[in-house]
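Student: Heads up: the sequence lines are chains A and B, in that order. Number 323 marks the last residue of the first sequence (the numbering used here); no jumps. Number 1426 marks the last residue of the second sequence (the numbering used here); no jumps.
Rather than coming from a laboratory, the hints here were simulated on the basis of the structure. Every value quoted in this text rests on a predicted model; they were computed, and no experiment measured them. Every residue gets a Cβ at the ideal spot worked out from N, C-alpha and C, and that includes glycine. It is possible that some hints are incorrect.
[Said to hold, decoys possible] Computed beta-carbon distance windows for the label pairs:
no.	chain 1	residue 1	chain 2	residue 2	range
1	B	I1373	A	A68	48 to 58 Å
2	A	N136	B	W1362	43 to 53 Å
3	A	L133	B	A1045	52 to 62 Å
4	A	W72	B	A1388	34 to 44 Å
5	A	S137	B	A1222	54 to 64 Å
6	B	A1222	A	N136	30 to 40 Å
7	B	A1045	A	S283	18 to 28 Å
8	B	N1233	A	P143	24 to 34 Å
[Said to hold, decoys possible] So, partial list: chain A residues that the calculated Cβ filter (under 8 Å) puts toward chain B:
no.	residue
9	A126
10	F130
11	N136
12	F138
13	L203
14	P311
15	L314
16	G316
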Amino acid sequence: MDFDLLIGIFPQVLLDGITLGFMYALIALGYTMVYGVLEFINFAHSEIFIIGSFVGVEVLLGLQARGALEVWSPFLLVLVALLLGMVASGLLAAGVERVAYRPLRHAPRLIPLISAIGVSFFLQDAIRLFESLWRNSFNLVYPSMDVMNERFELTPAIDISVKSLVVIGASLLMLWGLHTIVNRTKIGKAIRAVAEDQAAASLMGINVNRMISLTFLIGGAMGGGAGVLFGVQYSLINPYTGFIPGLKAFTAAVLGGIGNIPGAMLGGLLLGLLEAFGASYLSLLTGGAFGAEYKDILAFSILILILIFRPKGLLGEVVRERA
Amino acid sequence: MIAMIKTLLDKPLPATVLVVALLGVSAWGVAHFPRSIVVFLLFQASIFLLYFARMPRWLKMSLTLGTLGVLMPVLGTINAYYMEIAIQVGIFVALALGLNIVVGLAGLLDLGYVAFFAVGAYSWAIVGSPQANLIFGGTFFPLSPWWFFVFLFVGVGVAAGAGILLGLPVLRLHGDYLALVTLGFGEVIRVLANNLDKPINFTNGPKGITPIGRPPIFFAPALRAVGIEPDPNVIYPLYLYALVLLIVGATVLVNRRLEDSHIGRAWEAIREDQTAAEAMGVPLVRMKLLAFACGASFAGAVGVLFSAKQIFINPESFTFMESIGVLAMIILGGMGSIPGAILGATVVTVLNLQVLKGLSLWFNELRNAGIEIFGYNLANLPTQLEPAKYERMVFGLIIVLMMIFRPQGILPARRRTRELTEPTDP
């Protein structure tokens, strides 16, 4: 085994892992916020995420058709796509809650989960249907921008592309924004109150339904933003792309302690790192017997192990059990 | 209209006349318009009418047997595609009945059910084809077709084992966590099937395994004795149909016996209130494991049959979508209800294989015809617009609409009332 190689690629893998990790962290926030408030796994969040990605690509392709791609600054373009993707995903998430989850709020626990699975499947094909009618193709590619693909050489062996920097920068900004909203504003306080105790919060004059909608809106916007960043980073998207990242982000949320916002960030970063290292080191360490394709198994094994041995996650509080 | 049919069906004589007439008409239609989807749907509908009709037990049994055992094979030889659909329906009915035990009776939401189906399918595929030579060396494999019947039971055992293996660690988890872990397990099995072509080639990866041995035509001498030369192209669909019918019959029987046994009652007690069940002395872990193993074992047996029917399998047949498809079937029919599972599996399979495919063909014809409607030339319909590819949308719509408007399903289970009508707040 080439030990120098293992050491040599370490910083590069670390960097890739951090980029991926921020993306997972952003998606995981949607799962964790909704779980914190409703104790419900929003299975359709992976589609909320990928719809953000699709809105982003449509915005960029639309601007490209008008020739704006060469004129505008790429950073401005990404910013516009990001904002519109966030708005669209946020509104969609709130809409889905209104239509498919709210009528089931007091049903037994499994019922809304099953409904969410249905929503997830429906949305996947709804995107496909829309894009098939609109562009006659549902595998879309983010338009490439030269500035984004430039790479900085940190050392001869390690480099980082501008788009990775954009992804990390935008993620940090969004995470900071969320942190501010949740902890520093009145709305954030109300959301936390509803998560703590719905009945008491409603007695204090908080409109519980509105706060729940708002939770979906904010979580969805985070997911949509992550979707646009995902597209910028990896270019290729289709309606079914969101499912696996969504599942992994859920794993990240569980890893950090579901319902816990800093936990989701931590879990996302950890999972991104684990996956990046798994993908590049597994085949090196096993002499090519097990390749990068086992990184999915790695993530799911983490999910299973965490749920069995430490269901409250790394930072979580004790999970209440409902019969 | 519906009320009228209902009153008609409640009286034995008119019911019998109506059902027999409808069966006859639709069968005649199928025989004379073999390409029409509508008449075949009518034929299937009349089978369900038969189920609802009130008539003496012996009459009902013999009519059912006659329809499924004689009429259907005859129609199937007229149009081979109908036979294919009937076999597929049978496979999914058995799968739905298996999942019904886990989700419907025991209340454990299993989102990776197709993994057990895959385990069964691969267990026969590997030894029933030359694939096993790559693992063990030599030229001993494929095993003789006779082993197929042994492997029906091996499949049951292997899948039940996988169910217990999965169940042991995860059954401590509750509701939605259990669902996610089973989902992860299903994905793990699929990824393994996709990638275990190295270092040792177990599954041949995404390329899949072929040719897989089919069951032996052991009755060929008997057929020759009565002067029929067995043509494999004609015999195999009929033969597989008979096997599917047998397996479905066995699953229905086992399901019914289980439902009324103390095990079934224990499952339902767990589903309704785990804490209360435990207090009443229901051994939770053992009962849940049993549910997992039972559900899985059906999937295993059907998997063996599936691989023999397809001759070729690859991991594409065992995706998460299949698991959700089976879940949609039992949700549509009614969780915990045997007739519901059968109805749901039939409706969903027919919807996918016939209605959506039919729509796709129709769209193609429209495109080729190039007629203009309201100034829009139909030749410009996007080529990507293919209803047959929108199975997920169908599953999704079924699940969401049923959950919101009729969570108990079309044919609800008799005993399943409390959980869905009364809120369970902590």
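Student: Could you work out which of the previously given hints the structure breaks and list their numbers from low to high?
Tutor: 1, 2, 3, 6, 7, 8, 10, 13, 15 and 16
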